[in-house]
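Protein sequence lines, in the order shown, are assigned to chains A and B.
For the first sequence, full-length UniProt numbering assigns the number 555 to the last residue and increments by one with no breaks.
For the second sequence, full-length UniProt numbering assigns the number 102 to the last residue and increments by one with no breaks.
Be aware that one or more of the hints could be misleading.
To be verified - Here are the simulated EDC-like pairs of lysine to aspartate or glutamate, each with C-alpha atoms no more than 16 Å apart in a straight line:
1. A:77 with A:35
2. B:40 with B:4
3. A:310 with A:320
4. A:165 with A:155
5. A:440 with A:512
6. A:80 with B:57
7. A:80 with A:100
8. A:394 with A:512
9. A:271 with A:224
10. A:37 with B:57
11. A:80 with B:42
12. A:77 with B:57
As the list claims (entries may be wrong) - Reference excerpt, derived from the structure (chain A facing chain B, CB under 8 Å, subset only):
13. 32
14. 417
15. 474
16. 478
17. 481
To be verified - Chain B side only, calculated, beta carbon under 7 Å to chain A, not exhaustive:
18. 14
19. 18
20. 90
21. 94
22. 96
23. 97
24. 99
No lab work stands behind these hints, which were simulated from the structure alone.
All C-beta atoms in this analysis are idealised placements derived from N, C-alpha and C, irrespective of residue type, glycine included.
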Amino acid sequence: MYNYSEFDAAFVAERNRQFRAQVERRIDGSLTEDEFKPLRLMNGLYLQLHAYMLRVAIPYGTLGSAKMRQLALLAEKWDKGYGHFTTRQNIQYNWPELRDVPDMLDALAEVGMHAIQTSGNTIRNVTADHFAGAAADEIADPRPVAELLRQWSTDHAEFQFLPRKFKIAVTGAPADRAVTLAHDIGLQIVEREGEIGYKVIVGGGLGRTPMIGKVIAEFVSQDDLLPYVEAVVSVWNLLGRRDNKYKSRIKITVHEHGIEDIRARVEERFKVIRPTFSGIDVQLFEEIKAAFAPPAFREESTAIFETTYKTDPIFRSWADVNLADHRAPGYAIVQISLKAHGETPGDATAEQMRVMADLAERYGHDELRISHEQNVILPHVHKSDLPAIHAELKKHGLATANIGLISDIIACPGMDYCALATARSIPIAQEIATRFDELKLEHEIGELKIKISGCINACGHHHVGHIGILGLDRAGVENYQITLGGDHTETAAIGDRTGPGFSADEIIPAIERIVEAYLDLRDGADETFIETYRRVGMPPFKAALYEQAEAYAAE
Amino acid sequence: MPREFTPKVVTANALIEGDVVYQTADDRWTRDLSEAELIKDEGLANLRLAQAEGQPELVVGAYLADAAPSEDGPQPTHFREEFRRTGPSNYFHGKQAELTDV
Ligand code: HEM
Ligand code: SF4
Chain A
1 MYNYSEFDAA FVAERNRQFR AQVERRIDGS LTEDEFKPLR LMNGLYLQLH
51 AYMLRVAIPY GTLGSAKMRQ LALLAEKWDK GYGHFTTRQN IQYNWPELRD
101 VPDMLDALAE VGMHAIQTSG NTIRNVTADH FAGAAADEIA DPRPVAELLR
151 QWSTDHAEFQ FLPRKFKIAV TGAPADRAVT LAHDIGLQIV EREGEIGYKV
201 IVGGGLGRTP MIGKVIAEFV SQDDLLPYVE AVVSVWNLLG RRDNKYKSRI
251 KITVHEHGIE DIRARVEERF KVIRPTFSGI DVQLFEEIKA AFAPPAFREE
301 STAIFETTYK TDPIFRSWAD VNLADHRAPG YAIVQISLKA HGETPGDATA
351 EQMRVMADLA ERYGHDELRI SHEQNVILPH VHKSDLPAIH AELKKHGLAT
401 ANIGLISDII ACPGMDYCAL ATARSIPIAQ EIATRFDELK LEHEIGELKI
451 KISGCINACG HHHVGHIGIL GLDRAGVENY QITLGGDHTE TAAIGDRTGP
501 GFSADEIIPA IERIVEAYLD LRDGADETFI ETYRRVGMPP FKAALYEQAE
551 AYAAE
Chain B
1 MPREFTPKVV TANALIEGDV VYQTADDRWT RDLSEAELIK DEGLANLRLA
51 QAEGQPELVV GAYLADAAPS EDGPQPTHFR EEFRRTGPSN YFHGKQAELT
101 DV
């Protein structure tokens, strides 16, 4: 696994020392809040509804057991015993006290972690496919380039005060598990005549004006990538709307100028920048790549897996749903659900974090991943170890067999924690999961992605949910608007609004009506919700939602 | 016609813990909304807010929140202030847990 250099360590130590002094000066009154706020945000520290919130980056979602154990320690020592994994491969702590945060940052630094650029108008944590280095369909591991981008963007002098935040995601496989089409820049590794390069997508994003990104370059070679990306950010840095926060993201710039104009400007800028890249980045990239070499996979019989699969129905249903194809024979990718029915999506207790760290160390080449769907992955597991792993997960409430199913919901913190929220998200997710568990319909329904945001900022990705739920404030009452047909994969689409929203009491029955309509409409059990929606369109769902609602009201 | 002034409390977050706090009539900061001063006059509300803003060593982000009178002191009129008064709905954490300790 990649290890940070001494330079990184010294840089982080210096930043932490500065921040400790800044916190002291805020507490003793020599800094005002106006002076302090930008400094705390530079270190990932927000003030939320009930407490401070610390956001820690997990670059490209990759970590080992030592890091995971340290995250558990922070949860236990300075928080309330748990952490919240987010859709951007970060972890958030909801209850730290201001005076403790410098100690938390030092504890993170001990294991090579930090909270730098997890807030502010900078290039944020670079995210990647959570199956990186393991997926059967992968062309190349996306993490080395994500790491190269991380090093390039961290403390990049030109990019500390961009018009707005900037998010980059990378996938190394044709199946897009990194939502690259809804990022400021999405990079897709492609192969052309035996050469590995990048398809560059620009101007995607969710939030107030959701947009699917556009291809700005079909193929950028490895050597040209960093200068090309720098050219894109640099063009936007100049053109981006600093006068209006709602129009500042690159998606608006691309929309207003048109992709051809942006492409021409980027190419012009690229010509100027290219010679200033000395080739150090290319050399560095080779070193980074070597550090991401795959572990030594072993050859062993998988008989015990097959026997358990045949004889233990609980194991079988978990294996059917939570495993993904690994590229090495005899291996599997294990997805650990942080979505036990009725629990908060994405939360893990300190104990659960330690259990996952132990499993990674014992059976998983010491590797863990955080998915943008708020789950944890053991990327490299030999199938013969699966029965033991499943038994251990079961003991700790981590064996829920629901990956990709209706209760595997993405939910942002919403108004239970977030100062920007207009309604709550978490209780809605909890109720949906509990309801469909009671109905015992979850496996019958099959693949269905519900995504919930507590405000228009769309941190819960509701626009790209098969069923999206957006919490709003309608005259002082929580109200939930539904979208259908969103898709977060390589065929990304923004969902369509069904019509008027529903109150908190009405939203669960409304979701049930949509699901029942799907079960009636589908062309056999093989047709997924999204496929049915694409075939029949909105009208039958709308009828089920609203005509039945009227019928209920008339009773 | 001038808009009618609805009663307010001064609320903020405590500097160190981040907890939701309210200003009392005798110039303390309390974590319990029922102890807060309910202000019915616009001029006074602005004055009390300015006084709160003058205490950056104690609180951050002071603002005026709507509240209604009751036998148990001021009550929230909007769900956001209701959640701020109690704590999150997914865990028994925050003020709901701490206030029962008192
Ligand atoms: C609780 C503190 C949070 C705050 C204050 C916050 C704030 C925001 C804001 C203001 C935006 C809109 C940005 C824009 O379009 O210009 C946004 C978007 C977003 N946030 Fe958050 N967020 C928070 C938590 C989260 C969490 C917990 C997640 C993951 C679960 C998350 C992931 C995202 C994502 C994926 C977007 C998508 C919109 C985009 O950039 O295209 N955020 N957030
Ligand atoms: S979507 Fe809104 S409510 Fe949810 S975390 Fe983002 S900013 Fe907060």
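Against the structure, the hints come out as follows:
no.	hint	verdict
1	A:77 with A:35	29 Å, violated
2	B:40 with B:4	10 Å, holds
3	A:310 with A:320	12 Å, holds
4	A:165 with A:155	14 Å, holds
5	A:440 with A:512	13 Å, holds
6	A:80 with B:57	25 Å, violated
7	A:80 with A:100	13 Å, holds
8	A:394 with A:512	29 Å, violated
9	A:271 with A:224	11 Å, holds
10	A:37 with B:57	14 Å, holds
11	A:80 with B:42	40 Å, violated
12	A:77 with B:57	25 Å, violated
13	32	6 Å, holds
14	417	6 Å, holds
15	474	11 Å, violated
16	478	6 Å, holds
17	481	17 Å, violated
18	14	9 Å, violated
19	18	4 Å, holds
20	90	5 Å, holds
21	94	4 Å, holds
22	96	10 Å, violated
23	97	9 Å, violated
24	99	12 Å, violated
The earlier numbered hints that this structure contradicts are 1, 6, 8, 11, 12, 15, 17, 18, 22, 23, 24.
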